[in-house]
Structure formats: C-alpha cells, structure tokens
Amino acid sequence: MIVSGTKELSGSRETVWSVINEPSEMAKLMPGVESFEIIDERHWSAKVKVPLGLGGLKMKMNFEKLEERPLEFASMRAKGQGVGALMDMTTAFTLSESGEGTSMAWEADVKIAGPVGAMGQRVLQPIVNQQVTQVLAALEKRVAAASSGSAE
Amino acid sequence: MTTVTEQPTTTLKRGYVGQSIPRREDKRLVQGLGTFFDDVRRHGMGYVHFVRSPYAHGKIISIDVSKALELDGVYGTLTGDEVAIHTDPFFEMSVEPGGNIKDYALAVGRVRHMGEPVAAVCAATRELARDAADLIEVEYDSLPVLVDAEESLKDEVVLHDEAGSNVVWSGVFDWGDVDQALAEADHVVKIDRLHFHRFSSTPLECAGALVEYDKGTGEWTLTCNHQMPGIGAIWMAPALRTGIDKLRFVTHDIGGGFGNKICLHPQYVVLCLMARKLGRPVQWTEWRTDQHTANAHGNERTFLDVEVAVKADGTMTGFKVKALDDCGAFPRYEPLGCIIWAQVTPGLYGWRNIRVDFTQVCTNKSPASPNRGYSRMQHLWLTERIIDIVATELGLDPVEVRKKNYVKAEQMPYETPNGCFYDSGDYAAALDIALDLIDYGSIEERRKEAASRGKLLGFGIGSTLDSGTNNFGQSTLLNPDLQFSGNNEAASVKLDIFGEVVVTLGTVPQGQGHETTAAQVVADILGCPPEQVNVRRGHDTWFNSHAGFSGTYASQFAFTGLGAVKGAAELVREDMVQLAAAVLQAPVEAIELADGFARIKDGPEEAALPFMALGAIVNANNAFLPPDFNPTLNHRYVCRPYFGMVDTEKKTGQLTLTYATQIHAAVVEIDPETGEVEIIDYAAVDDCGIRINPQIVEGQVHGATAHAIGAALSEEFVYDEDGTLLTANFYDYHVPHAMDMPPLKTGAMESPSPVAPLGAKGMGEGGGGGIHCLGAAIQNALAAAGNAIVYDSCNPPHRVWSMLQDPEATRANVEVVSK
Amino acid sequence: MGAPARSRAISLEVNGEQIELEVAARRLLVHVIRDDLGLTGTHVGCDTGNCGACTIHLDGEPVKSCMMLAVQADGAKIGTIEGLAGDGELTPLQQAFNTHHALQCGYCTPGMLMSATALLERNPHPTEDEVRYALQGNICRCTGYVNIVEAVVAAGGGSA
Amino acid sequence: MLLREVEYARPATVDEAISLLATYDGARPLAGGQTIVNVMKARAAAPDVLVDLADLDELRGIGFSADGLLEIGAMVTYAQLQGSSEVEVARPILAEVASTIADVQVRNRGTIGGNVCVSDPTNHLPPLLTTLGATFTIRGESGERTVSADEFFIGVYMTAVGEGELLTKIGVPPSSGAGDGFAGLTIGKHGTYIVNAAATISGEGARIALGCVGATPVRATTMEERLAGSDFTEESIRAAADGLGASLDPPSDVHGSADFRRHLAEVSAVRAVSQAAERRKGA
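So the protein sequences, as listed, match chains E, H, U and P. Using numbering that gives the first Met the number 0, read the first sequence as starting at 0 and increasing by one per residue. Using numbering that gives the first Met the number 0, read the second sequence as starting at 0 and increasing by one per residue. Using numbering that gives the first Met the number 0, read the third sequence as starting at 0 and increasing by one per residue. Using numbering that gives the first Met the number 0, read the fourth sequence as starting at 0 and increasing by one per residue.
Treat the hints as calculated values from the structure; they're not laboratory data. For every residue, glycine included, the Cβ atom is placed at its ideal position computed from N, Cα and C. Watch out, some of these pointers could steer you wrong.
Listed next, the in silico DSSO-like pairs over lysine-lysine satisfying Cα-Cα at most 27 angstroms (straight line) [to be verified]: (1) E/LYS78 x H/LYS319; (2) H/LYS454 x P/LYS188; (3) E/LYS6 x E/LYS64; (4) H/LYS245 x P/LYS188; (5) E/LYS6 x E/LYS140; (6) H/LYS454 x E/LYS110; (7) H/LYS58 x E/LYS59.
Computed footprint of chain E on chain P; a stretch qualifies when at least three of its residues, placed anywhere within it, have a C-beta under 8 angstroms from a C-beta of chain E [what the hints assert, rightly or not]: (8) 150–162; (9) 235–246.
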C-alpha cells in the first residue's frame, strides 16, 4: 500500500529538516512511542503502542536511514514486529521552498504481513491514514514551535 | 484387451441393509458425550504452541528461544535445527525435480508460506504456551514471493534449492488421437483460460493430537484426529527413524475430515519429538486461523489452451488442455493429484480423444491436501465448463447436448479412453429426475417473471462422478519406481461370550456413520437385530484390524470397508452354522441364522440356539468339541479389491472401482446491480448403487452439496502479492450458514455396482456438483446481459459484477473455429 | 471499589450445580467450561466467534462462550449440552436430531442443540425460516443444514 | 484464541467505572465484548485493564427524555433493541437493523454502545445513527457532554470518547413521520457489510450516510441536496445518486475493489432512499 501527499509547513527548510531528520524529534511526533533508543547514526529503534480505541497494538520498530541529501531529501526504512503482525515501511520526504515556508512531499510504501495483517486488511488503509494525519498534525505544530522559538 | 474385473460376490439378503436406521453414533453426540481428541487429558501434560512465519518467503537468520525458556511454566522448545538433526525429511512421492524436495516437520533455514511452523514451545497451560511463543525471537530476511503458478513456472525464484525448479511433476497424458479429432471436427471451440480456485472443506474441528512417549519401549501413542493413519505412519516412522508399529494412532470421534486431516504428519512429528525431549505427554490444538493459513487447501488448478472437437450435430469427440496445478509450498500428498483426476478422464461423456499436459508447481501458499472430491472435482469442473461453453457458443441446448454426449446406460460397463471401467449408471435418466425436481419446463416462464423484477434468472446442470476406492498403483504412472499398487482394508468380527457381536473397523470415520452401516451389514449376515452388534467407536492401530492404507478417504468405505466387514462376518457365520449343526446334530444346510438364533429350518422350536449359547460354547465351554473342530467365532478379513496392474507406458489401467453418479440442477437469480447470486431452486440426484442406509446417503449428498455451494459462491483462499492469506478466518472466508443454504431437493436412483461386494458404491465425496451447476446457471443468467463466459469456479458478487461490467473481457477468452 | 486484578473468584451455577472457582481474567469462558469443569461437550470450532460450536446458555439465553471471559460470567447461570438430557433421557429435540439424521461428525451438534433449544423455549412451534434465522450463528460443515432444520421444525410439531 | 494477561475490574456504578478508566493506564471499557474479546484473542490490540460495565444497570435502560427523545443506554443489547416496545414505537428501523447484526448469540451480548465505540467502518449502526441525527452522551470525571454523530465518529476504532471517559447513552429523535431505510451488500446473509447505506426522509429533506467507504460514515451531501423537494420517484432518486460513487475514496479488499464499492455505494444509497421514501408514504 502506497500513501503519499504534500504538506505545506510554515517554517524554513532548515527548521523542517532539523525536525524530520532528528530521530529523537521524530519520535515525539509519532503517536504511541513508549521508548526510544538510538543505536548509531543510521539506526534507531522504538517500542510503540499504536493507539486504537480497542487497546494498543504493540510493536517493536527498527529504523534505518537509507539516503539523505540535506535540506532536500531523506528516506528511511522501518521494520516493525508485533504479535502476529509484521510491518515493513519505506518512507521518503522531499523538501522544497514554498514562499515563506516549506513544501514537504512524502510517500510511504507500507506492507503489513502476518495473520493480523490478514484480519485487518479492510481497515488497514484508514488506520494508516489516521496515523499519518496525526504525525503530520504533530509535525506542523512542532515546526511552528521551532520556527517561533528560533524567531525569539 | 482389458476386461472388467469380476469381484467375488455373494447375494446379500437385504433386511437391515437398505433401511434408514437412525444412527447409533448419535446418542452420545447429542449429549455432548462424544470424545474428541481435545477432550482427552493426561497427568502432567504440556500444551504446545507453534511460532509461525509472518513471511510468505524468507530466510531464517536466527531463532532465539532464551526468553521463552525463562518464563515460569515453560517446559521446553523445539526448532528447525533440532528437527533437522533428529529426523529425516519426509518421503516424497514424485520423481525429480519434485522428488528432491526436503520437507521437514519445522522450517529449516527458510520459510515458504505464511503461517509455516518455525518453532514450537511447550508449557503448563495453553495461555502460557502462547505467551512463550510470543517471546521467541525469530529474525528473517524476506525473499521474493511467488503466489502465481504461471510465475512459478518461470523458475526465476525457486522455492526449493535442492529441487532446482518449482515444478513438482509434469507429464503428458494422451489417449486416442486428439489431433485427428480436432482436424476432423466441424467446429473447434478454444478456451484460453479457466481457473479452479483454492478452497477447502474446513472441518469444524481443527487438527490436533495428544502424544505420549514411552521411554522404555520407544513407542509413541497419538490420540488424534488423523483420518488416514495408515499413510500417516508411512510418512512419520521413517522420518522419526523408527518402526511403523512404534506409532500407535488412536482416534475416538473426529469432527469432520473431508481429506483435510490426511497431511498432519509434520505437526505430529513435532509433537513426537517434543514428547520425547520433555519426557511428558504433549498436546496441540490447532486454531482456525492456523488451519486456514497453514494446513490443508484444496488444489488450485489453471486450465490453459483448451481446444474441443465438436461435430456438426453437437457430438464432442475430444479435447486437449494444459493443466497447471498449484500445490502450495510443499508437495506432501502430492503429486498424487496429478493422476487422481484421471479416474474420471472423460467425465460422463463419450469422447475418446483426450490429451492433458499436466504440470504441478510449488508456490508460497499453504500446502495442498486432499479435499472432498480430491483432484477429480477440478477435472470434472473442466469437463462441465467445456460442455456449457460449447453449448453457449454453438447455440446448443445444455440438456440436449449432455444427453447426446453422455455415456449411455446400454454401454455399461464402459471402458474409458484410459482403461477405467464405469461400472453402472444411467446418466440421462438421472438428469431427467433432476430436471423434474426443479420443474425444468417452467424455466422460460420464470425467467420472464424474474426479468420483470429486474433479476436475471439462470439455470444450470452439473454432472459428475464420484469414483470410489483408490488403486494406489496409479502413483506408478507418476513415478514408476514407487512400490505401490492396489489397496486393501481390514475389519474383524467376533461373537462374544454373552452373544454380543463385536466389530472393529480399519476405517477412521469422521461422521459417515460407519458404526451404523457396518452393524446393518453384520446384522443381515448373522441374522440378528443391529442392536446386538457393537461396532467399536473410532480406531486404534494396535487393536483394530489394520491394513497398509487404512483410513477413511477416496469414497471407499462402501467397497473395501464394508467389504471387509462382510468378509469377516461371513467367516463368523460359517463358524456359527457349523457349530449349531454340530450341537443340534443337523446337517449344515439345515441351519439358519435368524432373530439372534441358530436353528434348524422348519424344525421344532426348541431346536434353536441363542447366540449367547454359541458364544458361551466356544469361549467358555468348549471341552466337549472334537479336537479337529475348532470354530473360533472370531475373524479378521482383509478386503483386497482386484485392480490388475496399470500400464505405465500408455498411462492406462483400472485406477478405481466404482462410479457413483451425481446430477445437480440449479436455478439462480442474479441481482445485476450487486452481482449477488441467489439460489431459488436446487436438486441433487445421486445414484450410488445399493444404498446401505438411504438416510445416511442423503445426508452425504446434502453435505457435499453444501461444500460445493460454498465453494461456488463465497469460499476462496485469496492471497495478496506478498503471500498474505486474506481469508484467514470465517469472517472473510465465508462458509454457508443456515440462512445462506437453500432448501435442497434430492432424488435417487439405484444402479447396483456389478463389482462391489454389496452392490454399493462409494459416494461421500460427491463431485462438486454445486460448483458446476452454479457456474453454468450464472453463465445462463448472464446470457441476457452481455453473454459473459464463466471462467472461474468461485463467483462471489464482485466477480459476477465485473463479468456484467465487462462481458467482452470474458468472451475474449473463447473462440470458435468452424469449417 | 474492587481494584483491577489478574484473577478473580467467581461463582457460577452450572447445569444446576453451584460452583466457586478462581480464574485468571484472561481466560475464556469456553476454556474454563472445558478444561476446568471438564464439560467437554462444549466445543471450539473457530477463533473468531463465527462458528457457534461453543454456544451455551447464559441466564437462559444462547451466547458464544468463546466470546466471553469467564470472569464476565460471575454470578450467572450456565447451561451446557451435558445438562439437556437429565439421566440420559434425550429431550424431544435431541431425539429428533437422531430420527432426522441431523448430525454427522457431531462436532457442531452441541452448539446447534443449545441454540435450537433456546429457540423452542421462546417459540415452541417455529417455521422453517424462523429456525434458519435462529441457527444462523452455528456453522455445520457436514449436513448442509437440511436435516437440522427439519429436526428442529419437527421437534416443534411442524414439518419442513 | 488465548489472550494476553489482562486485569479486570467490575465496578458497581458509572462513577466508579469512570474513575477506573481514568486511573489505570491502558484501561478500556468492556461492554458486550463481541468485538474486543475477539481482537484480544488474536492478540492484535490489547488493553491492559478491562473495566466491565456489566453491573451498570443505569446503562441498560431504554426510555424517553422529557422532550420526547428516545434514549438508549450504552449497554442495551441488540436483542433488547429487537424486543423493545419503545424502539418499536419511536424508531423501528433501529430494531430492524439490529435484527440483522451477526446472529442470535452475538445479539444477546453485543451492545449499541459497543457497536458505535468500536467504530469499525463495516458496522451497521454508525451510518444509521448518523442519518437518524442521533446524539451521544459521554461522561468523564469532569462531567458530561453530548455530541452529534459527525463529532462522535473520528476514525477507525476511534471515537470522541477519550481516555477516562464513557459513552453512557445515545439519543435518537423519534420518527415523527420520517421514513427510514437501510440497504447494502453483505458477505452472506446478515454477514459483514461490503457497503451499506442508511437514509432518512423527513419534512426537512433526506439524510443519507454510507458505511464501509471511509474510516467513518460518509454523508452523501450532494445527493441529499439534489433530493431537496424531490418527488422521490425511482428516476429522481437514481438521478440524485449519479456521481456519488465517483466522489468517494473507498478501500479495496478481497470482497470488493474500490470501484465495486463506489458502484455499490450508489446502488445502496438508491435502495435505502427508496425504502425510506416508501415508508414515509406509508407512515
């Protein structure tokens, strides 16, 4: 499943880059992160509990930075394993200047395997969309805060 | 020149046989007093849970069980590495390349389908075992996934390195001269592609076993629900490097099998190893999701490049086809499916020129396993599709074209182009009964009435055969080196000290009512009421009479199962008659057995011995009998049907023995806006020769029909491109419930089998009649809305809707070349 | 107010007998019935609550015992298949299942009987459609439902 | 089939329940359990604490508010809806739709509150309650609030009921001469919906909501506008539905492609509206 979109952010490319390219910053944006660990420059891991109305879906996620061109492009791979589910996601962000702010084009290729993947297929896309919406909303806030912070 | 094999038969006095006696199994089952494997407990037993692969294809990088072992209450674990050390790969039936495949009880180094067992853990409770399984860390590297048989054939990705190819088996079957038939035909109808989908009978009780190991003797006891322990032991004993008698299979009641409980040997071997490793009884109960993802799917088959030779008058003289069978990740019972279909090569039709180019491949899906109508159903679907597509394309009447092409009653016994003998039957007469039941005469009127309500009405026929009793010699048509031929089954009958008749069976019933029908047969032979006959429940390979391929499969109980019962009962009868003659001092000819007595025919009333007296004399009071007279009242009989040898060059021979006929007819209404298919009339006519118990026969017809209706309209194992099974539970894999099933009308004929011991033919599997007649009925209904061709055996609303949206896409599949 | 706990002492009336036991909160009622109480007539046929083989009576109404935690049943009256025929005397419905060949492997039968018994208590003379509606939550893979429906209708005095 | 460890509490009052939900991390209410127990069996989503609402009789009532609103407690089962004389009088469509949810056993346990709080896109009641103009009363430690369906359904498995809160009742306006309809395509009879549509026609016009085509019920607003002042003939209803499918972005799955769902959305909407119009005439 491929989900993609473009988000206009009211912050400079430097600000946006600093948020999305800093694992610990990114961790704050993701819903349900319970713990976070940086292994090395290119690898980090997190324990997440995807919050759903029925209770959390617990997963252990491993992230790997794949490619980066500062201020312009970054891609990473996230592999998550929970009980009966396995997630493999490759995401890429492309930043460009857009007036005062930054335009961020993003794309994610998400694969969910395992029995839970089979059970949840009809709700998977909406759930992924929900998560993405939450991340983007948090990102918007964070960038806004960082921008106003730097302006002070 | 082959001739029909005459089986030794005696005329059976029909008394209880032929009656719908209520089943004796029922009394315990309706009170919840049946004993299924999961009902059995042992002191100190542990529960096993499997860790299963979430990947359809991947390398196993590492397995770490340490955290699981730290958990309180965990008894131990087992991984593929240990399995590879302590067992040998299972015996493969194929020649190369499939024969080189190494199939172990747990994944060794690589996973090849989603849900494949990778490790096992045993703990004090079911819940703990699953907790522990969650703690086992397995690291995988994913590999490219094959979910399409045609992709598999390219061998760009190979599942089994040791085989070097995804092809399990391939070969050409060529009977008659199809090229000449096509050359001489007035019309050649070409069909590019037909697809028979994946589904299975999904017995309501999942698989499982309780396994105990006796360290002193090296023996394992499996309290289980294997439906064919004979073959189970043949697979397991060599893998476990032990003797076949070290494996004792015990079954009590089994919650349905339908062939799906034949390939349980991988899981059972894990349980055997675990029981031995831990020195305690271990128990495993499969869950539904596991059964769907990783146990037993029916064979999926794609038919390519079909060409049918048709004469101007509608006579079909032959066809050729490329069949591509998808058996999933491991062959297991395969490649037997590459030949079993040949038992019904021409279907019900008289065409003599048939060429089938058959290839079977592995894919990253659940392994296949025999499934009610195993392998024949797929082929019969092809023949029925051919008939209806030819009829549609050439404007022939589906009833008339069938009657014209059916093998005729006067041709029976009929030798098929590949040397099988259709023993008896009158297909056209059976069709007439079915047509009457659905009021065929009113179809056009009903079609108009439905149209006035915006519905598309369609009518269809499915004509099939259920071939009963396997000749395992057909496996040598796949692999001449196999040392298999023929078949046999055992039973024992004895008269006990208090005059009870005790019967044990070699068969392993899962709902077919063997306790009842065997009692009917024995009662008639011994002259007592069936209540006096105790047919022991279940099966125990140590104590029941048991033969090499003992089990319940291949629609063969009526022949070999009851044949063995009959043989053993007749031996006991002979003893009883001789004993009575000796005691009553009358000639043997003067003795009759009736009403629980041995007596002198037309003799005085007191010249009679109750069975109890006979039993007591032999078992407790026999000193007065002369030394050279030793009636035992205790006999075992092995029924060995005679098949003769198959011809591996010509690929001909008697592959089976009896052919029951099923003619199904259905009327459906399609809602063109949603693609929903509603069955508004359904009739199933069965001719299985002598019906031992008509009510049980009818029950089998109902059940086989329900399976076929489910398969035709909703049951489908669908995989996505990553090899994830999308229909892994009863939400998405929809089996018909009471509101989905239409009322069924049934009809019966009795064309006694001239070859079977009781004139009765195996009939439990049916032939998938519903799949054929519903496909035909849907095509018939769609004729008024673009004339789409039904190309798939499963037609849920979305598929019917797309056929309505783009009938041309389906029509592009078919071409008629007329001369 | 009781704080959340991983196990709980519960009391059940099972087939007329009062039972007290301590159960883990996570355990399904069906497992407690089968494994702890030894009433193995209640079966498990799926893991998603579709098949109805585990149907029991909870305070007189049919429910699926695999879709309930045992702790939820605290204080309830439970009826299982073993309680239908007192002293081995089959109920008319059980008898009708035998007469009409309404079972083959017998695995779905207990759940089917519990659903049908509840129907007949509410509606002693159901029509065929009413029977099919009442049994929709019970999957049978052997019979095609034909004889089951017939047996229930017959037990209600009708003919299907 | 085998659940993770979980803690269980069975409060005697609504306040206790709310307090438990607010106090314990990962606590979730347990109503009929016909979804959540299943999900826990798969170990998919896993609450840490279950707060069983079984003893909260306050949530089991069906009655009328002072201003005539039909009030249904969150713990009212589908079977109760089927048998309720209040529902029969005030809004019979609720009983009619409830009678097609799953099967007898599930209807004996499953609740209206559970159905909406799960907010599964294939559930029956979210689109129905959306067209009926239902209100949802949510209570938390800081008090009670009442929201509309549009505010209530937030996403898949997500509703306006926040942590430490409980849905207590659902208010449904009585028919008052309105006609209600419900249609769609299921997997087998009374099975899971592939697409469904609910419609209500009253003096104020038509309200139409679609299920299974998005995370939450989707209002067919264009169709509603086109039907303003309509005579509700079959032609006019079909004309109003034209293009509805194209406006949607439904998911694809094994039971239907996005295109099939778009098509079914139109068909279901037409059928639901026709049924509603017919019933309004008959009322």
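Here is what the structure says about each hint:
1. E/LYS78 x H/LYS319: 49 angstroms, violated
2. H/LYS454 x P/LYS188: 18 angstroms, holds
3. E/LYS6 x E/LYS64: 21 angstroms, holds
4. H/LYS245 x P/LYS188: The given pair, whose Cα atoms are some 49 angstroms apart, is violated under the 27 angstroms limit.
5. E/LYS6 x E/LYS140: With a Cα-Cα distance of about 13 angstroms, the restraint between E/LYS6 and E/LYS140 holds, given a limit of 27 angstroms.
6. H/LYS454 x E/LYS110: At roughly 41 angstroms apart (the allowed maximum being 27 angstroms), E/LYS110 and H/LYS454 break the hint.
7. H/LYS58 x E/LYS59: 20 angstroms, holds
8. 150–162: holds (count 6)
9. 235–246: Three-residue rule not met by the segment 235–246 of chain P, so violated; n is 0.
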